[in-house]
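K.L.:
Below, each chain spelled out in residue letters.
Protein chains: 2
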Amino acid sequence: MTSTHPFDKALKIHHSDIRVGHFTGMTSPDYWNMVGPFGGTTAALALQAVMQHPDVLGTPIALTVNYAAAIEAGAFDIQATAVRTNRSTQHWTVQITQAGASGAPSMTTTATVVTAARRETWGESDMPMPESPRPETVDRMSIGPSGVAWINQYEMRPFSGGIPSKWDGSQHHSETRIWLRDAQPRPLDFASLAAMSDMFYPRVWLRRAKHVPAGTVSITTYFHVGPEQLAEVGTGYLLGRAAGQQFFNGFFDQTAHLWSEKGVLLATSNQIVYYKE
Amino acid sequence: MTSTHPFDKALKIHHSDIRVGHFTGMTSPDYWNMVGPFGGTTAALALQAVMQHPDVLGTPIALTVNYAAAIEAGAFDIQATAVRTNRSTQHWTVQITQAGASGAPSMTTTATVVTAARRETWGESDMPMPESPRPETVDRMSIGPSGVAWINQYEMRPFSGGIPSKWDGSQHHSETRIWLRDAQPRPLDFASLAAMSDMFYPRVWLRRAKHVPAGTVSITTYFHVGPEQLAEVGTGYLLGRAAGQQFFNGFFDQTAHLWSEKGVLLATSNQIVYYKE
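Sequence order for the protein chains is A and B. Residues 1 to 277 (UniProt numbering) are what the first sequence spells out, left to right. Residues 1 to 277 (UniProt numbering) are what the second sequence spells out, left to right.
Where hints are given, some of them may not hold.
Identical chains share a label here; the pair holds if one copy fits it or two copies do between them.
Calculated pairs, SDA-like style, for lysine to any residue (alpha carbon to alpha carbon, straight line, at most 20 Å) [what the hints assert, rightly or not]:
id	residue 1	residue 2
1	K12	I143
2	K262	E277
3	K166	S142
4	K9	P128
5	K210	M34
6	K12	K210
7	K276	S88
8	K210	N33
9	K12	P187
10	K166	M51
11	K9	P213
12	K166	R118
13	K12	W205
14	K12	S165
Just so you know, the hints here were simulated from the structure itself, not pulled from any lab data.
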């Protein structure tokens with residue numbers, strides 16, 4: 001008997017018998033971040049609700065997740081609603097809520113998802129994979145006594161722009177390049193791709209070698225694969241690249257790209273992040 | 001008496017007296033695209049409803065607009081709802097509907113908006129403005145007999161990656177660099193910045209020198225300015241840069257950046273675009 005992968009446990013949601021598109025779930029201690037769940041898991045859950053909806057059309061194309069409030073440890077509700085179904089595309093809104101102190105639902109997360117029945121077309125890339133050493137030749141990031149559980153769920157091998165060794169306030173470019181995959185092997189799927197798109201720590205820490213408070217406010221991920229391309233990756237490494245763009249008065253954006261080891265650009269992602277000071 | 005700017009006419013919406021956050025408006029012939037309004041105007045309208053909402057907190061940080069269905073010429077309804085208000089950030093959902101054939105509202109557009117009360121912090125850029133000739137030295141794009149009204153509303157001076165002169169199916173990189181501003185001078189604001197973020201024609205046309213059917217499915221724009229930075233730009237030129245990233249089975253994404261003439265990165269934007277063949 002094989003045990004359930006921690007990510008599959010974290011994504012386990014139950015569809016209501018009486019309310020279409022309504023799911024319930026529990027936060028996962030395995031993917032806990034400092035003051036709430038790892039945002040990548042939350043993004044994956046929003047996507048998961050759409051993909052498990054009985055009316056879903058096709059596969060995910062775009063996912064935007066807005067982190068409106070911290071999710072507390074415990075139960076949550078997800079409502080996924082197909083607001084428009086066209087011939088080959090479908091538009092979804094998703095809301096994650098938790099029962100508040102008064103018992104009334106408290107909004108923690110909003111999301112929109114676009115799914116589509118893809119057709120085979122001409123294709124090309126204008127964003128080639130950066131040059132990189134082989135994953136096996138790069139040291140695995142050691143996990144410090146940070147108490148941040150989710151980081152242990154991934155095998156991270158940064159070869160450029162790793163977490164600063166000295167928090168000395170020195171200035172650096174905010175780019176990271178890294179090999180990554182699930183620490184416990186798990187074949188790549190849309191949910192894990194959504195989560196991995198959010199695994200780059202706040203660029204402001206790298207930029208300033210300073211550990212200021214920071215948190216993602218909104219993330220948008222585009223998927224450039226179908227089931228066949230995911231299957232080709234399987235449990236292999238992804239090459240991740242992330243960089244900050246503009247840092248201004250409390251918010252900065254960072255852009256991220258994830259390629260397969262063979263050089264296929266699987267997902268592109270952008271997020272806007274709150275920071276202090 | 002000065003006449004109202006076409007963009008202000010296009011953005012004119014009326015707030016309901018009885019239903020908070022409900023607005024009505026009319027599509028603008030001045031910003032008509034081929035089969036519906038210019039998507040930039042639609043994005044600006046979603047933002048406008050939030051900014052005119054009596055409960056709005058701060059200024060726009062992030063805007064995601066999903067184009068679920070073409071908007072038809074005529075009246076539309078916008079509902080803007082503050083789903084979560086925190087101490088310094090606010091999360092919004094927006095829906096644009098039109099009365100369908102049956103009279104029931106038909107969903108055309110969903111959006112999410114984040115606004116925030118910014119505080120002064122450290123700031124920097126990791127995305128410098130590309131080298132460019134002075135705007136006056138670049139020829140203004142001539143408007144062909146395309147029948148596409150919205151293009152006439154902008155002064156576009158591409159100095160790299162202009163619209164292909166020959167649709168011969170040859171392969172090119174999908175990057176465009178362009179100076180741009182409103183054809184009829186209008187001081188930059190959040191709404192026009194949202195619209196201009198969508199003014200880069202589909203990268204697949206440039207990439208393939210082929211005029212395949214294409215249309216934006218979802219756009220996300222991050223704003224990196226406050227009122228002071230907008231006022232500094234005024235009616236000046238913006239430098240725009242856009243490039244495609246991944247083209248795969250019917251969808252590609254393109255990334256866009258808009259700098260002020262002085263080199264301040266004002267907005268970063270990404271969109272995913274449907275294409276045929």
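K.L.:
Run every hint past the structure and note whether it holds.
P.N.:
Results of checking the hints against the structure:
{"no.": "1", "hint": "K12 / I143", "result": "neither (26 Å within a copy, 55 Å between copies)"}
{"no.": "2", "hint": "K262 / E277", "result": "neither (41 Å within a copy, 25 Å between copies)"}
{"no.": "3", "hint": "K166 / S142", "result": "within (15 Å within a copy, 54 Å between copies)"}
{"no.": "4", "hint": "K9 / P128", "result": "neither (34 Å within a copy, 43 Å between copies)"}
{"no.": "5", "hint": "K210 / M34", "result": "within (17 Å within a copy, 49 Å between copies)"}
{"no.": "6", "hint": "K12 / K210", "result": "neither (36 Å within a copy, 45 Å between copies)"}
{"no.": "7", "hint": "K276 / S88", "result": "between (43 Å within a copy, 12 Å between copies)"}
{"no.": "8", "hint": "K210 / N33", "result": "within (19 Å within a copy, 47 Å between copies)"}
{"no.": "9", "hint": "K12 / P187", "result": "within (17 Å within a copy, 50 Å between copies)"}
{"no.": "10", "hint": "K166 / M51", "result": "neither (43 Å within a copy, 42 Å between copies)"}
{"no.": "11", "hint": "K9 / P213", "result": "neither (29 Å within a copy, 42 Å between copies)"}
{"no.": "12", "hint": "K166 / R118", "result": "neither (47 Å within a copy, 29 Å between copies)"}
{"no.": "13", "hint": "K12 / W205", "result": "neither (33 Å within a copy, 42 Å between copies)"}
{"no.": "14", "hint": "K12 / S165", "result": "neither (37 Å within a copy, 53 Å between copies)"}
Hint check: violations occur at hints 1, 2, 4, 6, 10, 11, 12, 13 and 14; the rest are consistent with the structure.
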